[in-house]
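Asks: We have chain A already, so just place chain B on it with the hints.
Chains A and B, in that order, are what the protein sequence lines are.
Residue 168 in the working numbering sits at position 167 of the first sequence, and the numbers go up by one each step.
Residue 6 in the working numbering sits at position 5 of the second sequence, and the numbers go up by one each step.
No wet-lab data here; the hints were simulated from the structure.
Each residue gets a CB set at the ideal place from its N, CA and C atoms; glycine is no exception.
All clues given are correct.
Cβ pair distances, simulated, as ranges: (1) A:Pro286 to B:Gly25: 27 to 33 Å; (2) A:Gly249 to B:Leu32: 21 to 27 Å; (3) A:Trp73 to B:Gly25: 35 to 41 Å; (4) A:Ser47 to B:Arg47: 41 to 47 Å; (5) B:Met48 to A:Gln146: 15 to 21 Å; (6) A:Asp152 to B:Ser3: 17 to 23 Å.
Only part of the chain A face toward chain B is listed, based on derived beta-carbon distances under 8 Å: (7) Asp152; (8) Val153; (9) Glu156; (10) Pro158; (11) Ile160; (12) Val161; (13) Leu164; (14) Ala252; (15) Ile255; (16) Met256.
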Amino acid sequence: MTGGARYGDGGPRPAGEGGAAAAAAAPTPRSRRRAEIRAMFKSNVSGRLKVDRIMVGGITACAIIAIVPLFWILGQLIVGGAPALSVEFFTEEPGAIGAGTINVGPAIQGTIIIIGLSSLIGIPIGIGAGVYLSEVGSGSRLAKQMRFLLDVFMEVPSIVLGLFAFLAIVLLLGHFSIWAGAFALSLIMFPIVARATEEQLKMVPWTYREAGTALGLKKATIAFRIVLATAKRGLLTGVLLSVSRIGGETAPLIMTILGSSQFFSSLDAPMDALPLRIWRFSLLPYEEARLAGWGAALVLVIIILAIHVGVRYYFQGRRGGGIGANGGRRSRKGLLPNMRGGSA
Amino acid sequence: MSSIIANEFIEASPASIHLPALIGIGLVLLLVAMAVNVIAHYIVTRMLKVREGAIRN
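Chain A extracted, bound-state conformation (with noise of 0.2 Å):
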């Protein structure tokens, strides 16, 4: 086309060794070539913008489709479960069926005392063994074969968990007891932490481990300050999606906590969740015990939205600092005056 715009159609052409390409092309009339150059457009680039056009129509699609469930599912619980709340719903102990409303005032306490208390014991643990997996012995033999067996305890069905707990703490004390579901759950938690943990801290670039190590940082310093705070975000990613999933299990609870009608009066006695009182609801059949128990659905995906939500909004208004760095300035400043602000 260059050709023939510098050269114009009927102008003065520099005769001789012109070449046959540029001899074929002359006497074309431009209207022709724009055809032609059309006719290629169409038949090369138009099919493959088609391509392109169904392609993201059905990944948008595929992207819509995985969204509905949750609102599905969120419309159905505020349906089925908003008749059910009420002050004496979230407050009372439950009474007797037939008397009236039944109530989840112990349930929503255990189950916020059984996520704190697991969390207490799995977070730690977890990602400790996440910074030993990627900072410590992240080439060494140990470190494989631990990465493997974690792997194989993320996917041990949770009964087995929970009866694992049963057999190790329930029949050694005696008795049920919160210890033992917070226990259960946390043996639950701290794999998935630790297999999360260590893939954030990998996404983490070398040169900022370089760099700390050229300040003379020590080891943990570095690991704790720089690494893992730069890997804050995706962290409580992991952190929250293993709080969630220990949020919704029944099966260990079953054989470890319990149940109870009664309010918290010590971690050495049986407890009540909510995930259980739904299930233990789901197996009466009475109107009111099935409306209770969509009641309790409600207010448990309420309490982990809440966490979710509250976690991260807390977090977002932090950047930088590492994690034990009191989320104070001071040490923030003292430490490392130009090096925060990784995460954002």
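Replies: Using the frame of chain A, we list chain B on its own:
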């Protein structure tokens, strides 16, 4: 299997054979899950190895 354990666990008394039977079911469940995982892991690592070799050659 897990539903059997969940549903019958409350009624099982430790004195009888019921509870050990349930724990046995748990053991079988654990073994099945682990076997599936180990096999899956083996397949994945083998595939990765094949791909690595293909790149190197």
